[in-house]
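Student: One letter stands for each residue in the lines below.
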Amino acid sequence: MENLIEAFWGITISIGVSALIFVGANRLFDLVVDRWFLFRAITGAICGAIFSAVLVGNRLVKGPSLLFIIVCALIFLALASIPSLISIRKYRVGVGLTMGAGVGLIITIFLKDLVNPEIQFTSLLVLVVAAALIYSFIAFTFRNFRIGGFLFFVMIGWVLGGWLLAEIGEGTKSSAYLLTVITFSLLGTSLTSGPERDLLGLNRFQEKTRVAAFLGPALLFVSLGLIIPLARTVYLSLHGIRGREWAGLKNYGEILTNKSSVDLSDWSNIFTSRLFVLALVLIFVGTIAGLLSGRKQGRILEPNGSFLTPSAIGAFLLIFAVFSTLRGTVINNLWWVIVVTLLSTGIGLLAAVLADRARFESAAKSLIFLPMAISFVGAGIIWKFMYIARPPKKPQTGLFNAIWVGLGKLNSGNAGQIIGVAILVAVTAGLVALSIFGVRRKQIGISLGSLFVSLPILWILYRLLGPGIGGVEEGPLGLPIGKPILFVQESPFNNVWLMVVLIWIQTGFAMVILSAAIKAVPTDLIEAARVDGANDRQVFFNVTLPTITPTISVIVTALIVLVMKVFDIVRVMTNGNFGTQVIANEMWQKTFTEFNLGLGSALATVLFLAVVPAMALNVRRMQRGAIQ
Amino acid sequence: MTTKTQGIKISQNSNPVDAAGKFVYRFLKAIPTWALWMLVIIWSIPTGSLFINSFRTRDAQRSTGWWTSFTEGGWTFDNYTTVLSSQQSGGMWQALINSFAIAVPGTVIPVAIAAMAAYAFAWISFKGREWLFIATVALMALPNQVALLPLLQLFAGGAHWTIPGTGSVMTLFPDLNLAGSTTAVWLTHTAFAMPFAIFLLHNYIAALPKELFEAARIDGAGHFTIFWRLVVPLSVPALAAFTIFQFLWTWNDYLVALTMVGGNGASYPATINIASMAGEFGMKEHVLSAGAFVQAGVPLLVFFFLQRYFVRGLLAGSVKS
Numbered sequence: 001m002e003n004l005i006e007a008f009w010g011i012t013i014s015i016g017v018s019a020l021i022f023v024g025a026n027r028l029f030d031l032v033v034d035r036w037f038l039f040r041a042i043t044g045a046i047c048g049a050i051f052s053a054v055l056v057g058n059r060l061v062k063g064p065s066l067l068f069i070i071v072c073a074l075i076f077l078a079l080a081s082i083p084s085l086i087s088i089r090k091y092r093v094g095v096g097l098t099m100g101a102g103v104g105l106i107i108t109i110f111l112k113d114l115v116n117p118e119i120q121f122t123s124l125l126v127l128v129v130a131a132a133l134i135y136s137f138i139a140f141t142f143r144n145f146r147i148g149g150f151l152f153f154v155m156i157g158w159v160l161g162g163w164l165l166a167e168i169g170e171g172t173k174s175s176a177y178l179l180t181v182i183t184f185s186l187l188g189t190s191l192t193s194g195p196e197r198d199l200l201g202l203n204r205f206q207e208k209t210r211v212a213a214f215l216g217p218a219l220l221f222v223s224l225g226l227i228i229p230l231a232r233t234v235y236l237s238l239h240g241i242r243g244r245e246w247a248g249l250k251n252y253g254e255i256l257t258n259k260s261s262v263d264l265s266d267w268s269n270i271f272t273s274r275l276f277v278l279a280l281v282l283i284f285v286g287t288i289a290g291l292l293s294g295r296k297q298g299r300i301l302e303p304n305g306s307f308l309t310p311s312a313i314g315a316f317l318l319i320f321a322v323f324s325t326l327r328g329t330v331i332n333n334l335w336w337v338i339v340v341t342l343l344s345t346g347i348g349l350l351a352a353v354l355a356d357r358a359r360f361e362s363a364a365k366s367l368i369f370l371p372m373a374i375s376f377v378g379a380g381i382i383w384k385f386m387y388i389a390r391p392p393k394k395p396q397t398g399l400f401n402a403i404w405v406g407l408g409k410l411n412s413g414n415a416g417q418i419i420g421v422a423i424l425v426a427v428t429a430g431l432v433a434l435s436i437f438g439v440r441r442k443q444i445g446i447s448l449g450s451l452f453v454s455l456p457i458l459w460i461l462y463r464l465l466g467p468g469i470g471g472v473e474e475g476p477l478g479l480p481i482g483k484p485i486l487f488v489q490e491s492p493f494n495n496v497w498l499m500v501v502l503i504w505i506q507t508g509f510a511m512v513i514l515s516a517a518i519k520a521v522p523t524d525l526i527e528a529a530r531v532d533g534a535n536d537r538q539v540f541f542n543v544t545l546p547t548i549t550p551t552i553s554v555i556v557t558a559l560i561v562l563v564m565k566v567f568d569i570v571r572v573m574t575n576g577n578f579g580t581q582v583i584a585n586e587m588w589q590k591t592f593t594e595f596n597l598g599l600g601s602a603l604a605t606v607l608f609l610a611v612v613p614a615m616a617l618n619v620r621r622m623q624r625g626a627i628q
Numbered sequence: 001m002t003t004k005t006q007g008i009k010i011s012q013n014s015n016p017v018d019a020a021g022k023f024v025y026r027f028l029k030a031i032p033t034w035a036l037w038m039l040v041i042i043w044s045i046p047t048g049s050l051f052i053n054s055f056r057t058r059d060a061q062r063s064t065g066w067w068t069s070f071t072e073g074g075w076t077f078d079n080y081t082t083v084l085s086s087q088q089s090g091g092m093w094q095a096l097i098n099s100f101a102i103a104v105p106g107t108v109i110p111v112a113i114a115a116m117a118a119y120a121f122a123w124i125s126f127k128g129r130e131w132l133f134i135a136t137v138a139l140m141a142l143p144n145q146v147a148l149l150p151l152l153q154l155f156a157g158g159a160h161w162t163i164p165g166t167g168s169v170m171t172l173f174p175d176l177n178l179a180g181s182t183t184a185v186w187l188t189h190t191a192f193a194m195p196f197a198i199f200l201l202h203n204y205i206a207a208l209p210k211e212l213f214e215a216a217r218i219d220g221a222g223h224f225t226i227f228w229r230l231v232v233p234l235s236v237p238a239l240a241a242f243t244i245f246q247f248l249w250t251w252n253d254y255l256v257a258l259t260m261v262g263g264n265g266a267s268y269p270a271t272i273n274i275a276s277m278a279g280e281f282g283m284k285e286h287v288l289s290a291g292a293f294v295q296a297g298v299p300l301l302v303f304f305f306l307q308r309y310f311v312r313g314l315l316a317g318s319v320k321s
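Residue numbers (my numbering), protein chains in the order written: chain Z, 1 to 628; chain F, 1 to 321.
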């Protein structure tokens with residue numbers, strides 16, 4: 001209960017303070033046009049309070065700090081407001097200069113003696129001149145030179161040279177007086193040097209303050225929370241373990257050469273793997289089909305279903321053959337990106353098309369979309385239960401192993417096997433009948449498609465009758481005992497079982513967006529195609545698909561970015577063990593458990609570099625949108 | 001020519017004369033529906049099976065699969081009571097409270113800040129607006145990993161700069177001692193959410209009719225009044241969409257919380273709590289299934305009741321209207 005109250009107050013205070021600051025800033029800026037004097041006074045007091053708080057925070061002030069803050073607020077209030085009452089420019093500058101000197105005097109009284117700087121004239125001179133040159137350069141580039149801005153830059157140069165680069169604590173109190181008084185005289189002069197703003201100027205100034213009030217918080221969070229940390233990560237990645245000593249590109253070299261990140265040593269095994277052979281056969285069959293139908297159409301290669309389907313499956317298997325042989329963190333990440341992106345988008349598109357105008361469409365879509373609401377951690381846990389492998393002699397409680405071992409036990413001449421064979425024979429017969437039907441109707445697509453589907457079924461039938469299918473081995477008494485698959489532990493295909501989790505989540509995302517895109521395809525386009533006699537398939541491939549291609553590319557980009565940084569699932573399910581390490585998890589372990597800040601930052605930078613193309617693509621898309 | 005002949009062929013075939021053809025075509029036509037529902041069932045099994053398991057006794061979960069429970073029983077509520085009363089790393093109730101303490105400010109504050117920024121980008125003209133907007137929104141793809149360590153260092157010790165040559169240290173950002181607190185987590189979420197939030201809300205706010213703003217300005221309304229009285233009420237659909245999206249995101253987040261909270265069990269949100277239960281998979285299995293549903297309860301409720309807005313948020317972020 002105590003915690004609840006504490007959390008409640010924490011939330012209320014943080015939201016309340018943020019709202020107060022925002023409303024307060026806007027109320028303050030409302031004063032600009034009508035009550036310019038009041039606005040300057042309040043702004044001056046706030047600036048003084050913030051400035052003094054910074055000094056107090058850095059322990060530079062002696063005496064009671066509250067008194068110092070109040071004094072600072074008051075003198076800044078006076079410095080900001082009083083000169084604006086004087087209309088003659090000459091006198092105003094004079095008052096600004098004198099009051100600035102006074103502010104400097106008062107502040108120096110409060111400064112501790114141990115921060116007295118020793119004035120070094122060379123560094124002072126160099127910095128003041130440098131600041132003046134920088135301002136002049138900017139001013140002349142933008143053709144907008146103002147004496148106030150010039151003096152402000154000179155003041156910054158003065159502060160840097162006089163305080164920051166000086167031997168602090170070595171000097172005398174009088175040098176502290178000199179430096180501070182000149183600093184604030186410069187500030188006072190810079191504030192009062194310009195002409196007093198007229199109504200138009202005030203309005204313009206108010207508009208500017210609004211930009212600051214509305215954009216300020218967002219830009220503050222973006223720069224403090226994203227841009228500066230990004231720069232610091234890149235900086236740390238070029239340094240050693242503690243992030244202090246310079247290391248150049250050593251960390252990046254370690255990522256690229258380390259066996260655990262990229263291990264290409266088994267590359268020759270790719271060509272002997274069964275997946276590779278199967279992939280080649282499929283691509284070969286597809287190409288033959290393409291060539292045959294191409295000859296019929298008078299072209300070299302016909303890009304139709306009977307060419308694309310086997311070739312696409314073959315290419316997909318080829319990816320598996322390559323990535324399951326080459327090992328390492330970076331390879332795993334690439335494998336994740338390719339498989340999850342392709343399958344999520346593919347299945348999502350399939351679901352969107354199937355659900356379009358189906359009965360209970362929204363219910364079906366909402367069930368496929370449901371995993372999006374579950375956390376990655378929760379999804380990892382859910383699938384951990386699906387993948388459980390119990391000891392061989394115990395009943396399997398995970399669905400996958402239950403099916404797998406159950407299939408294995410069919411292979412003992414029992415009723416299950418007979419039923420299984422019967423079902424498979426019936427399905428094959430149906431497919432063959434369908435194929436003959438297709439031939440008779442000269443619908444070569446149906447015929448080839450059903451033959452193609454019947455191939456894996458025939459293979460299962462063969463396994464069921466002959467060597468057996470599923471996880472089973474001969475026990476000590478010659479009885480069959482279950483041999484479950486250790487889905488999470490058996491490398492390299494455990495990676496695929498982890499990818500399934502993310503595909504399960506992201507398919508809903510792809511489906512929802514694609515479904516909306518399909519519904520947005522202009523109906524007159526579809527009707528025109530139908531009038532021309534196109535069937536469902538032709539409408540889809542020639543009208544719908546080209547129209548939704550931009551959306552598909554948006555989804556693919558979003559998924560690539562998301563999958564690249566996959567972390568939670570791997571951490572919860574294997575924590576990178578059993579050859580499932582990915583960059584994000586490696587980065588986390590290196591940084592936050594091994595405290596190798598340099599290497600961890602380099603891994604984070606690699607992730608960043610990997611998404612840079614996607615960022616560039618997004619920017620281009622937006623620019624195009626802005627032009628239209 | 002070819003398309004024409006094909007078209008004729010197809011129109012012949014879609015009016016089959018004989019009964020066998022009719023049957024086969026009806027069968028083929030039904031395949032999409034069957035495939036859809038197969039997909040739906042496959043997609044629902046993982047969640048459904050864990051849900052069933054969470055109501056089964058420890059022995060039942062360990063000895064048989066969830067599918068046997070329909071015939072053999074073994075139902076119980078004990079897992080939920082165990083989870084909610086457990087004291088592991090601060091306990092589940094505390095974790096749920098922490099999740100709220102992260103997700104509520106981590107949603108409300110970014111929405112407010114981003115709405116303001118989106119308004120400024122859309123309706124206040126200033127130099128470099130286009131450029132600044134694109135630069136901000138481009139950060140949408142930035143992996144959070146690149147900001148984690150520097151932010152943690154900032155929260156844990158502030159930022160200090162040793163002035164070269166002098167050895168004296170200047171504090172650029174004070175040590176607020178936030179590491180290990182839920183505040184550090186939602187502050188990080190606020191920063192990370194900014195680009196997407198601005199992008200999404202800008203899309204909507206920029207599309208509001210221009211005449212509205214002109215009329216308001218003629219009536220003498222300032223930007224603050226226009227924003228508060230006009231833009232906020234008119235953008236409720238977009239604000240709701242992003243709120244729900246961001247709430248689910250922060251509630252379900254694991255990476256940011258794990259990094260910022262570190263070893264401080266008293267600030268763990270529910271995701272870390274169930275993840276650490278999953279780490280002891282062998283022993284805590286029966287409780288874990290219930291724990292996962294306790295954590296997922298809030299997002300699932302949000303999902304079922306506010307799905308429309310969630311989908312709208314996703315769409316606005318991906319498809320340009």
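Some clues are possibly wrong.
Within a straight-line C-alpha distance of at most 30 Å, the following computed DSSO-like cross-link-like pairs (lysine-lysine) qualify [claimed, not checked]:
| id | chain 1 | residue 1 | chain 2 | residue 2 |
| --- | --- | --- | --- | --- |
| 1 | Z | K442 | F | K284 |
| 2 | F | K29 | Z | K483 |
| 3 | Z | K394 | F | K22 |
| 4 | F | K29 | Z | K442 |
Anything over 10 Å on all C-beta distances counts as not near chain F; from chain Z, calculated [claimed, not checked]:
| id | residue |
| --- | --- |
| 5 | A315 |
| 6 | I423 |
| 7 | L477 |
| 8 | Q489 |
| 9 | K565 |
Take a look, some chain Z residues computed to stay more than 10 Å from chain F by CB distance [as the list claims (entries may be wrong)]:
| id | residue |
| --- | --- |
| 10 | F150 |
| 11 | K208 |
| 12 | I227 |
| 13 | L236 |
| 14 | L238 |
| 15 | W267 |
| 16 | S311 |
| 17 | A364 |
| 18 | F369 |
| 19 | G416 |
| 20 | L479 |
| 21 | V512 |
Keep in mind that the hints were calculated from the coordinates and are not lab data.
Given the structure is predicted, the values throughout are model-derived calculations rather than measurements.
Ideal Cβ placement from N, Cα and C applies to all residues, glycine included.
Student: Over 10 Å from every CB of chain F: does F369 (chain Z) meet that, or does the non-interface label fail?
Tutor: Incorrect as stated: the minimum Cβ-Cβ distance to chain F is 8 Å, not above 10 Å.
Student: Taking C-beta pairs only, is I227 (chain Z) more than 10 Å away from all of chain F?
Tutor: violated, 8 Å
Student: Does the claim that I423 (chain Z) lies outside the interface with chain F hold up, using a Cβ gap greater than 10 Å?
Tutor: holds, 16 Å
Student: Compare the distance between the alpha carbons of K442 (chain Z) and K284 (chain F) with 30 Å, and conclude whether the hinted pair is satisfied.
Tutor: Violated, at about 61 Å.
Student: Report holds if the minimum CB distance from G416 (chain Z) to chain F is greater than 10 Å, and violated otherwise.
Tutor: The claim holds: G416 (chain Z) sits with its nearest Cβ about 16 Å from chain F, beyond 10 Å.
Student: Going by Cβ atoms, does V512 (chain Z) stay more than 10 Å from chain F at every point?
Tutor: violated, 5 Å
Student: If I take the minimum Cβ distance from K565 (chain Z) to any residue of chain F, is it greater than 10 Å?
Tutor: Non-interface label fails for K565 (chain Z): nearest chain F Cβ at 4 Å, not farther than 10 Å.
Student: Between K29 (chain F) and K442 (chain Z), does the CA-CA distance stay at or below 30 Å?
Tutor: holds, 18 Å
Student: Between K394 (chain Z) and K22 (chain F), does the CA-CA distance stay at or below 30 Å?
Tutor: violated, 50 Å
Student: Are all C-beta atoms of chain F more than 10 Å from that of Q489 (chain Z)?
Tutor: At about 12 Å from chain F, Q489 (chain Z) clears the 10 Å cut-off, so the statement holds.
Student: Was S311 (chain Z) rightly flagged as not at the interface, with every chain F Cβ beyond 10 Å?
Tutor: Since the minimum Cβ distance to chain F is about 22 Å, S311 (chain Z) lies beyond 10 Å and the statement holds.
Student: Could you let me know if the closest chain F CB is still more than 10 Å away from the CB of L238 (chain Z)?
Tutor: holds, 14 Å
The structure is inconsistent with the numbered hints 1, 2, 3, 9, 11, 12, 13, 17, 18, 21, although it conforms to all the rest.
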